[in-house]
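> Sequence:
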Amino acid sequence: MAAIRSLKMNLVGKSLTSMRNTRVVQSTFSNVKRFQCSDGGSHHTPGYEPSVGTIIPKGLKIQKARTWDDGAADGFKPTTSEDLFNGKKVVLFAVPGAYTGVCHQAHVPSFSKNLSAFKGKKVDKVICLSTNDPYVMNGWAKALGDKADGIEFYSDCDLEFTKFMHSELDLSVAALGIGSRTNRYALIVDNGVIKALKKEASPGDLKVSDGDSMLKEL
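Just so you know, we're using this note's numbering here: the sequence shown kicks off at 1 and counts up by one.
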């Protein structure tokens, strides 16, 4: 009898522990920060994709293109979505890879040649974003020379912005490594709200997200 009572007590104890663990897990997931969209949903919602009118969530972090020494000097401090978009009109275009064909030869130059026109439309910043690390982005900006004049380069090396945009791609077939890349797209953002969004059907395309096309959206 003593053995049976001991077994029952042991089972009850395990059951209570299991219930407590379940409540802890449920509490943890209930506190997960989700990115809220203008319609009250989140970018985790199945089938959700950002569109015109979507509010870019606060707290998304990217890294400004800079040298390793400059990054170490500021503790690798990220730039937040609030830093980029609050109170500003911004044109942002995303490219699959630094130094690569369409990105290097056409996409970036299509924005730099239109920089004065963008400024004339009251655009505060033109930003180039890629998932390359910030040190590669810094080197690429220098390699572009005057083709990068006036454009700010940023790295989404942790994929926070790319995941929000639902634009992750596996481009290992093009020798772009085993990590995720971003599809090619461009945004016009006014005070944190997407006013125009153009996504290419393929990362090798440049039909709707070039500088000339985005200028027509303003």
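Careful, some of the hints might be misleading.
Straight line, CA to CA, 25 angstroms or less: simulated DSS-like cross-link-like pairs of lysine-lysine [claimed, not checked]: (1) K199 x K77; (2) K216 x K61; (3) K89 x K199; (4) K122 x K163; (5) K88 x K77; (6) K207 x K61; (7) K113 x K89; (8) K216 x K142; (9) K147 x K199; (10) K89 x K195; (11) K199 x K216; (12) K113 x K125; (13) K122 x K89; (14) K142 x K77; (15) K122 x K147; (16) K163 x K147; (17) K122 x K77; (18) K121 x K163; (19) K147 x K119; (20) K113 x K77; (21) K58 x K207; (22) K58 x K113; (23) K88 x K125; (24) K64 x K89; (25) K147 x K216; (26) K195 x K61; (27) K119 x K199; (28) K77 x K121; (29) K216 x K195; (30) K125 x K195; (31) K147 x K58.
Distance ranges between label pairs, derived from CB positions [said to hold, decoys possible]: (32) D83 x E168: 32 to 42 angstroms; (33) Y99 x D69: 29 to 39 angstroms; (34) E49 x D69: 16 to 26 angstroms; (35) A143 x S51: 19 to 29 angstroms; (36) A72 x K207: 35 to 45 angstroms; (37) G204 x G87: 32 to 42 angstroms.
If you're looking for bench data, these hints aren't it; they were derived computationally from the structure.
Using N, Cα and C, we set each Cβ at its ideal position, and we do this for glycine too.
> Compare the structure with each hint and give your call.
Now for the hints, and whether the structure bears them out:
1. A C-alpha spacing of about 29 angstroms is found between K199 and K77, which places the hinted pair above 25 angstroms, so the restraint is violated.
2. Among the hinted pairs, K216 with K61 is inconsistent with the structure: their alpha-carbon atoms are about 29 angstroms apart, more than 25 angstroms.
3. About 19 angstroms separates the Cα atoms of K89 and K199, which keeps this hinted pair within 25 angstroms; it holds.
4. Straight-line distance between C-alpha atoms of K122 and K163 comes to about 28 angstroms, which puts the hinted pair past the 25 angstroms bound.
5. For the hint linking K88 to K77, the alpha-carbon distance of about 21 angstroms falls within 25 angstroms, and the restraint holds.
6. About 28 angstroms separates the Cα atoms of K207 and K61, which puts this hinted pair outside 25 angstroms; it is violated.
7. For the proposed pair K113 and K89, the alpha carbon gap of about 19 angstroms is at most 25 angstroms, so the pair holds.
8. Of the pairs offered as hints, the one joining K216 and K142 is violated, with about 28 angstroms between alpha carbons and a cut-off of 25 angstroms exceeded.
9. For the given pair, K147 sits about 22 angstroms from K199 by alpha-carbon distance, which is consistent with the 25 angstroms threshold.
10. The suggested pairing of K89 with K195 holds, with an alpha-carbon distance near 10 angstroms, which does not exceed 25 angstroms.
11. Taken as a hint, the K199 and K216 pair is honoured in the structure, with Cα atoms around 15 angstroms apart against an allowance of 25 angstroms.
12. Distance restraint check for K113 and K125: the Cα-Cα separation of roughly 14 angstroms lies within the 25 angstroms cut-off, and the hinted pair is therefore satisfied.
13. Pair hint K122 plus K89 holds up; C-alpha atoms about 7 angstroms apart against a cutoff of 25 angstroms.
14. Taken as a hint, the K142 and K77 pair is honoured in the structure, with Cα atoms around 22 angstroms apart against an allowance of 25 angstroms.
15. Of the pairs offered as hints, the one joining K122 and K147 holds, with about 21 angstroms between alpha carbons and a cut-off of 25 angstroms not exceeded.
16. Note on K163 and K147: the hinted pairing is violated, with a Cα-Cα distance of about 28 angstroms set against a maximum of 25 angstroms.
17. Taken as a hint, the K122 and K77 pair is broken in the structure, with Cα atoms around 28 angstroms apart against an allowance of 25 angstroms.
18. Of the pairs offered as hints, the one joining K121 and K163 is violated, with about 29 angstroms between alpha carbons and a cut-off of 25 angstroms exceeded.
19. Distance hint between K147 and K119 is fulfilled; the C-alpha atoms sit about 17 angstroms from each other, no more than 25 angstroms.
20. Restraint check: the Cα-Cα separation between K113 and K77 comes to about 31 angstroms, which exceeds 25 angstroms; the hinted pair is violated.
21. Restraint check for K58 and K207: the C-alpha separation of about 30 angstroms exceeds 25 angstroms, so the hint is violated.
22. Straight-line distance between C-alpha atoms of K58 and K113 comes to about 31 angstroms, which puts the hinted pair past the 25 angstroms bound.
23. For the hint linking K88 to K125, the alpha-carbon distance of about 8 angstroms falls within 25 angstroms, and the restraint holds.
24. A hinted pair counts as satisfied when its Cα atoms are at most 25 angstroms apart, and K64 with K89 qualifies at roughly 18 angstroms.
25. In summary, the hint linking K147 to K216 is supported, as the alpha carbons are separated by about 21 angstroms, within the 25 angstroms threshold.
26. Distance hint between K195 and K61 is fulfilled; the C-alpha atoms sit about 21 angstroms from each other, no more than 25 angstroms.
27. Note on K119 and K199: the hinted pairing holds, with a Cα-Cα distance of about 23 angstroms set against a maximum of 25 angstroms.
28. This hinted pair does not check out: K77 and K121 have alpha carbons roughly 31 angstroms apart, beyond 25 angstroms.
29. Using a Cα cut-off of 25 angstroms, the hinted pair K216 and K195 holds, with the two alpha carbons roughly 12 angstroms apart.
30. Between the alpha carbons of K125 and K195 the distance comes to roughly 15 angstroms, so the proposed pair stays at or under 25 angstroms and holds.
31. At most 25 angstroms may separate the alpha-carbon atoms for a hinted pair to count; K147 and K58 exceed this at roughly 31 angstroms.
32. Under the hint 32 to 42 angstroms, the C-beta atoms of D83 and E168, about 23 angstroms apart, miss the expected range.
33. Take Y99 and D69: their Cβ atoms lie about 22 angstroms apart, and the range 29 to 39 angstroms is violated.
34. Hint check: E49 to D69, Cβ distance near 38 angstroms, so the stated range 16 to 26 angstroms is violated.
35. The hint said 19 to 29 angstroms for the Cβ distance between A143 and S51, and at roughly 34 angstroms that hint is violated.
36. In this structure the supplied range 35 to 45 angstroms holds for A72 paired with K207, their Cβ-Cβ distance being about 40 angstroms.
37. As the Cβ distance of G204 to G87 is approximately 36 angstroms, the hint placing it in 32 to 42 angstroms holds.
Hint check: violations occur at hints 1, 2, 4, 6, 8, 16, 17, 18, 20, 21, 22, 28, 31, 32, 33, 34, 35; the rest are consistent with the structure.
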